[in-house]
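Given chain A, work out where chain B should sit, using these hints.
These protein sequences, in sequence, are chains A and B. Adding 214 to a residue's 1-based position in the first sequence gives its number in the numbering used here. Adding 214 to a residue's 1-based position in the second sequence gives its number in the numbering used here.
Calculated from the structure, these hints are not laboratory results. Check each hint, because a few of them may be wrong.
One copy or two, it doesn't matter: identical chains are merged, so the pair holds either way.
SDA-like, lysine to any residue: derived pairs with alpha carbons at most 25 angstroms apart [what the hints assert, rightly or not]:
(1) Lys-270 - Arg-382
(2) Lys-270 - Ala-305
(3) Lys-270 - Leu-248
(4) Lys-270 - Asp-296
(5) Lys-270 - Phe-284
(6) Lys-270 - Glu-300
(7) Lys-270 - Glu-312
(8) Lys-249 - Asp-336
(9) Lys-270 - Asp-360
(10) Lys-270 - Asn-244
(11) Lys-270 - Glu-385
(12) Lys-249 - Glu-348
(13) Lys-270 - Gly-308
2 protein chains.
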Amino acid sequence: MTETAAQPRVPTRDRILFATAELFRRQGYNGTGLKQVVAEAEAPFGSLYHHFPGGKVELGEEVIHSAGAFFQTLVTAVYDADATTEASVRAIFGGAAETLEATDFEDACPIATVALEVASTDERLRAATAAVFERWTAALTERVGDRDKALAIIAALEGAFVLCRASRSTEAMHAAGAMAAALVADG
Amino acid sequence: MTETAAQPRVPTRDRILFATAELFRRQGYNGTGLKQVVAEAEAPFGSLYHHFPGGKVELGEEVIHSAGAFFQTLVTAVYDADATTEASVRAIFGGAAETLEATDFEDACPIATVALEVASTDERLRAATAAVFERWTAALTERVGDRDKALAIIAALEGAFVLCRASRSTEAMHAAGAMAAALVADG
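Looking at chain A on its own, in the form it has when it is part of the complex (with noise of 0.2 angstroms):
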């Protein structure tokens, strides 16, 4: 297989992060091995060690700030472009399990099952989940005014998604949404 016969506009570097962010989202850090990382983005093995020296580390570490800045993009859009705080928490939650019913529940957070899988055995990758909770937070905390709603709204968003994907339904996400428009409703 040849690098560029398949998809030849897009950088082999970026192919490699895009199919790395996808496996784990499906089956998480320690169930995707590099073989197939390089088989998905249709890439020569050797690649992954040119654009990624430190290997299977450095490439999750990748992943997990640029799936980070991407999701950031994505809700921090569909958040702003409702008028008010209760309504654009609403929508955060119904764009999340629209997409876990488009994606036959398989498209979840990248984030949350690498953080829960490194969080107690690689510093590294446990340093990259925090950092993009915090820049989540920091930008959530911007728009709802408090921090700790901030948090609250945050957590109940990766614990629908636990749910949710568990049991191959969209009620958790609703609920929890529910509640954390609750929560920004009297503010």
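Structure of chain B alone, referenced to chain A:
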């Protein structure tokens, strides 16, 4: 190492289940190898397949069910010790924060990590995590009197575990607890 030398009173099967639950909490399902399980359980390798002929999947399924029942007993005991719904909900999150601190953020929910790792890759294990969350939801629904509120509270708790382990701070657990307590304060 003989089977009975280290912990003569705990049956081998229970030692294997306990060690596996502990390993799942710290490093997830995919990160846990059977050799590590028998080493931690101080059990001969053959005993694993004697007690769990279906190997890792059967062991995983059994750990999910038994850890799920264990946590349900623990959490409902904490819940039922308080007089009001609000105080009970607050006590659950307070207890979770204390456990995280006391175990240096290692002891979190073993169900959540496995649920995220296997939701798209192993149907038997996904169904086991779904069954545990459903039993928790039923027990909490009985207590708070509303299924959506119960789901939202469990989501907040599970998501707070994710954020707390990543950040090595209990801040998100307390913030999520305040939100969950407010949710039931009116009811």
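Hints, one by one, checked against the model:
1. Taking the shortest Cα distances, Lys-270 and Arg-382 sit within 25 angstroms of each other only across copies (23 angstroms), while inside one copy they are farther apart (30 angstroms).
2. In this assembly of identical chains, the alpha carbons of Lys-270 and Ala-305 never lie at most 25 angstroms apart, being 35 angstroms within a copy and 40 angstroms across copies at closest.
3. In this homomeric assembly, Lys-270 and Leu-248 come within 25 angstroms of each other (Cα to Cα) both inside a single copy, at 7 angstroms, and across copies, at 23 angstroms.
4. In this homomeric assembly, Lys-270 and Asp-296 never come within 25 angstroms of each other (Cα to Cα): the closest approach is 39 angstroms inside a single copy and 47 angstroms across copies.
5. Proximity of Lys-270 to Phe-284 under the C-alpha cut-off of 25 angstroms is restricted to the intra-copy arrangement: shortest distance 20 angstroms within a copy versus 35 angstroms between copies.
6. In the homo-oligomer, the alpha carbons of Lys-270 and Glu-300 never lie at most 25 angstroms apart, since the shortest distance is 40 angstroms inside one protomer and 45 angstroms across protomers.
7. Within a single copy, Lys-270 and Glu-312 get their C-alpha atoms no closer than 31 angstroms, and across copies no closer than 33 angstroms, so neither meets the 25 angstroms cut-off.
8. In this assembly of identical chains, Lys-249 and Asp-336 lie within 25 angstroms of each other by CA distance both inside one copy and across copies; the values are 21 angstroms within and 20 angstroms between.
9. Taking the closest pair of Cα atoms, Lys-270 and Asp-360 never come within 25 angstroms of each other, the shortest separation being 37 angstroms inside a single copy and 45 angstroms across copies.
10. When the C-alpha separation of Lys-270 and Asn-244 is checked against a cutoff of 25 angstroms, the pair qualifies both within a copy, at 10 angstroms, and between copies, at 15 angstroms.
11. Proximity of Lys-270 to Glu-385 under the C-alpha cut-off of 25 angstroms is found in neither arrangement, the shortest distances being 35 angstroms within a copy and 30 angstroms between copies.
12. Proximity of Lys-249 to Glu-348 under the C-alpha cut-off of 25 angstroms is found in neither arrangement, the shortest distances being 32 angstroms within a copy and 36 angstroms between copies.
13. In the homo-oligomer, the alpha carbons of Lys-270 and Gly-308 never lie at most 25 angstroms apart, since the shortest distance is 34 angstroms inside one protomer and 36 angstroms across protomers.
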